[in-house]
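**Student:** The primary structure of each chain is shown beneath.
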Amino acid sequence: MRSRRSFFNASVLRRDITRFFPVWGIFAILLGLLFLSLRLDPPRSGDAVVPVYITGGWAVAAYALVCALTLFADLYQSRLCNALHALPLRREGWFFTHSAAGLLFFAVPFLCFQFILGLTGSDIAVVAMGTGIGLLEFFLFFGLALLCTMLCGNRVGAVILFALLNFMAPILQWVGNTLYQPLLYGVPLNADSFAPWSPLMNLMEEAENLFDLYHDSFTGVQPKDWGYLLICGGAGAAMAAAALLLYRKRSLETAGDLISLRLLQPIFVGAFSLLVAVALFSIMGHGTSLLGLLIPYLFIGFFGGRMLVEKRVNVFQSKAFLWFGILVFALFGSLLLCSMDPFGVTWQVPEAAQVRYAQVYVHPYANGKYYQSYFYDQNRITDRSHIESLVQTHEKLAQNRNDTQPHGQMLYLTYRLSDGTTMRRYYPVELAEEEALVKVMSSWEAVFELSYEELSQRLISVRAEKPEGSIGIFVGEGDAPAHNDVKVQVPELKNRLLQAMEKDCRDGTMAQTEKAFPDGQTLYYLELTLKGDTGYGVRYMGVEINTENNTYALLQQFYDAGRESPDRTITQENINIGSFNVY
Amino acid sequence: MLKMCNVTKHFGTFKALDGLNMTVPKGAVYGLVGPNGAGKSTAIRHLTGVYRPDAGEVLLEDTPVFENVAAKERLCCIGDEVFFFPSATLADMCSYYAGIYPRFDKALFYRLQEVFGLNLKGQLRRFSKGMQKQAAFQLALSARPEVLILDEPVDGLDPVMRRQVWSLLLAEVAERQTTVLISSHNLRELEDICDHVGIMDHGKMLLERSLADMQGSTVKVQVAGKVPEDLQILHESHSGRLQTLIVRGTAEETERKLQKADPAYFDVLPLSLEEIFIYELGGVNDAVKTILL
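Chains as they are written, first to last, in my numbering: chain A, 1 to 583; chain B, 1001 to 1293.
No lab work stands behind these hints: they were computed from the structure.
Beta carbons are placed, not taken as given, at the ideal position from N, Cα and C, and that holds for glycine.
Where hints are given, some of them may not hold.
Derived pair list, reagent style SDA-like, types lysine to any residue, alpha-carbon separation capped at 20 Å [unchecked claim]:
#	chain 1	residue 1	chain 2	residue 2
1	B	Lys1121	A	Ser11
2	A	Lys311	B	Gly1012
3	B	Lys1106	A	Ser11
4	A	Lys439	A	Glu548
To be clear about the criterion: a stretch of chain B counts as covered by chain A if any three or more of its residues have a C-beta under 8 Å from a C-beta of chain A, and this derived list gives those stretches [claimed, not checked]:
#	region
5	1093-1103
6	1196-1203
7	1248-1262
One-sided and incomplete, this derived list gives chain B residues near chain A with beta-carbon spacing under 10 Å [claimed, not checked]:
#	residue
8	Ile1044
9	Arg1045
10	Asn1068
11	Ala1071
12	Lys1072
13	Pro1086
14	Ile1193
Whole structure, please, built from the sequences with the hints as guidance.
**Tutor:** Structural data, given as structure tokens:
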């Protein structure tokens, strides 16, 4: 029988607020201190509150977990649990009342903080947006925390589960990279496919996209990202609903158990076994020849997990060994399936005609690991002849598998195909033997993300540095070079540099080809500062150049002229390339 | 009024309740007795709607108790270890209970306050165990429950306080016909106040009777001489020529049989509650006997 008193109880809410005042009180004090810090520290005043909203996501997540664990603490202590649940209130009543208290614990101090920020000079639009972000983030994390609270029977379990669910992407990627990826020749695990499983990390990135942070100025709202935040808020509500269902089904005698839902216990034991096995495999030494060691590692994880779940050490029943056998079979079955490659994934090479554009990057060390690189994601090769060269090289590398410890370099290939899909591969490669590849990689498209004209228009300054020393050359406008740098401030010199770089691209002596040259060639690193949308220099590109190319020769000319100038001032007549100020 | 019908409960592989049947009549003072681990507390957690039975049902006047606010408003339970919020005062708990139990009687609460004399503003966790029990009684009685469930209610109290608790309880029963279920592992404690008793062991109800029925249906006979053959003897002992028999049957019926046999001497005596249980449960394990003695 239901009554109107069933779903909410003001007395319980009052008790929650008074009983747990240290929780929301400390949160309110911290917000007060944050306000003082923003207002008393001049460089962080005004719209500099924006980064607070973004980095504050971590605090919101932690606070949501604290609120959930505190309000539902009775579920973890059998005495308290029995006493409270004997009272005439339905579980929905406890749930909605405690949840309302949790929302108040966050919303009241946070809204006061926002209100005061607005009153004391912060941009109202920024404050309004920060309010929305904060509340939606809290919905997400409070919902997730409620779910973890209901799935677990003690605090430690809930905290671990909350952390695991928030960092699921790197964990899945770690497991995949450690166990499965070495069996898939040249096929990396796609990091993007794991990303949605890490709400905290993902949300931080998405929240950042809501603001233009480069010069502490709020520029507007991107609806796409608001949509993501709204989805997060909705996901929080959905998880809270799932938590309520679990609460209704919960057996209260599980107070103190690691996992409260009996159905989830085997899943926990399986996941725990796998994580322990992968951790031990990573620590004790890994490689396809050592895969057999996974069995003892799994054994430790499996029976350790059972001990945690069952809260006893005698867990070595014959039925448990049967389940352990199934787990071993499942793991090794999946590994075998991977290595057999029944779908021919490792042999796949796209048709050149299907490739909309390609991205290519070479890492100097072929240590078998897959890296994601800034360069790798920036360039776009659309030239059909270059794409055909890449596909041919790809086909050759996929056929001639080099399963031994790779030397040389690692080639990273990404194809964006005409059907909208993406194909990524990586192979060990000896550039010295791949002339066609070197040519492609030195092309303007492979080195720069912008066309020559666009780069010319947007280039503000160039800084060149030798990796082994502190010598630097600065070419550009307005910015001050670091100590011991040569500064070249004539705009025409930028054009001469661009022309030299363009010639290197044509000659095949430009960036990314360093290992194709004999050892001992000193590299320079060029950092290009580009003009952003707001007219300021905000975007950076990095380019590596070799001592055997035109760009290097020009930079060396600049540097020598600056170093040899007796009065540390060089005129255009001295070297016939422009005027210099030497510091 | 309060019933458990074939209730089974497992904790993992352990069967805590094994088809438990219990009937607490309206207005009864029911003593639930059993050794440690018999399942008394588990049964009480089912009666108060905390645990969900794996099988069977728990009913208060034919409506399920579990997740039934209307039923639970009529019940109040004092556990073996009373619970209060860590920093709460008695006044805090009074307002908390008043917000949860619709029939909470604040006037009664303050009347009981005069009886117990506890400090309303003192933190309950600083009270002695006996004072905490008193506070729990004060709150529970003020909730005006129709059924009061007490798990080891006088455990840890001194004799004076025990007597005060029992007299309060009996006054409540007399005044409001409150149904009371008291769990204890000590039968002697319950003998003076219960009118119904149930004995549990290994999650089962071994015996459930009204005291009047039991005391009327079993008698102790001391006899010298011929013993009638049609007596249903539960137990016998000898001391010289004198035999002491525990006999099933009413005093009148037994006396008539003895007169018919005409022994040299006989006397029919009533049994104490403890003696009845010992002889009724003659086949039950030692653990049960221990709690009775």
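**Student:** Hints first: check each against the structure and report whether it holds.
**Tutor:** Here's how the hints hold up against the structure:
no.: 1; hint: B/Lys1121 with A/Ser11; verdict: holds (19 Å)
no.: 2; hint: A/Lys311 with B/Gly1012; verdict: holds (12 Å)
no.: 3; hint: B/Lys1106 with A/Ser11; verdict: holds (15 Å)
no.: 4; hint: A/Lys439 with A/Glu548; verdict: holds (15 Å)
no.: 5; hint: 1093-1103; verdict: holds (count 7)
no.: 6; hint: 1196-1203; verdict: violated (count 0)
no.: 7; hint: 1248-1262; verdict: violated (count 0)
no.: 8; hint: Ile1044; verdict: holds (9 Å)
no.: 9; hint: Arg1045; verdict: holds (6 Å)
no.: 10; hint: Asn1068; verdict: holds (6 Å)
no.: 11; hint: Ala1071; verdict: holds (7 Å)
no.: 12; hint: Lys1072; verdict: holds (4 Å)
no.: 13; hint: Pro1086; verdict: holds (8 Å)
no.: 14; hint: Ile1193; verdict: violated (23 Å)
When each numbered hint is compared with the structure, violations occur for hints 6, 7, 14.
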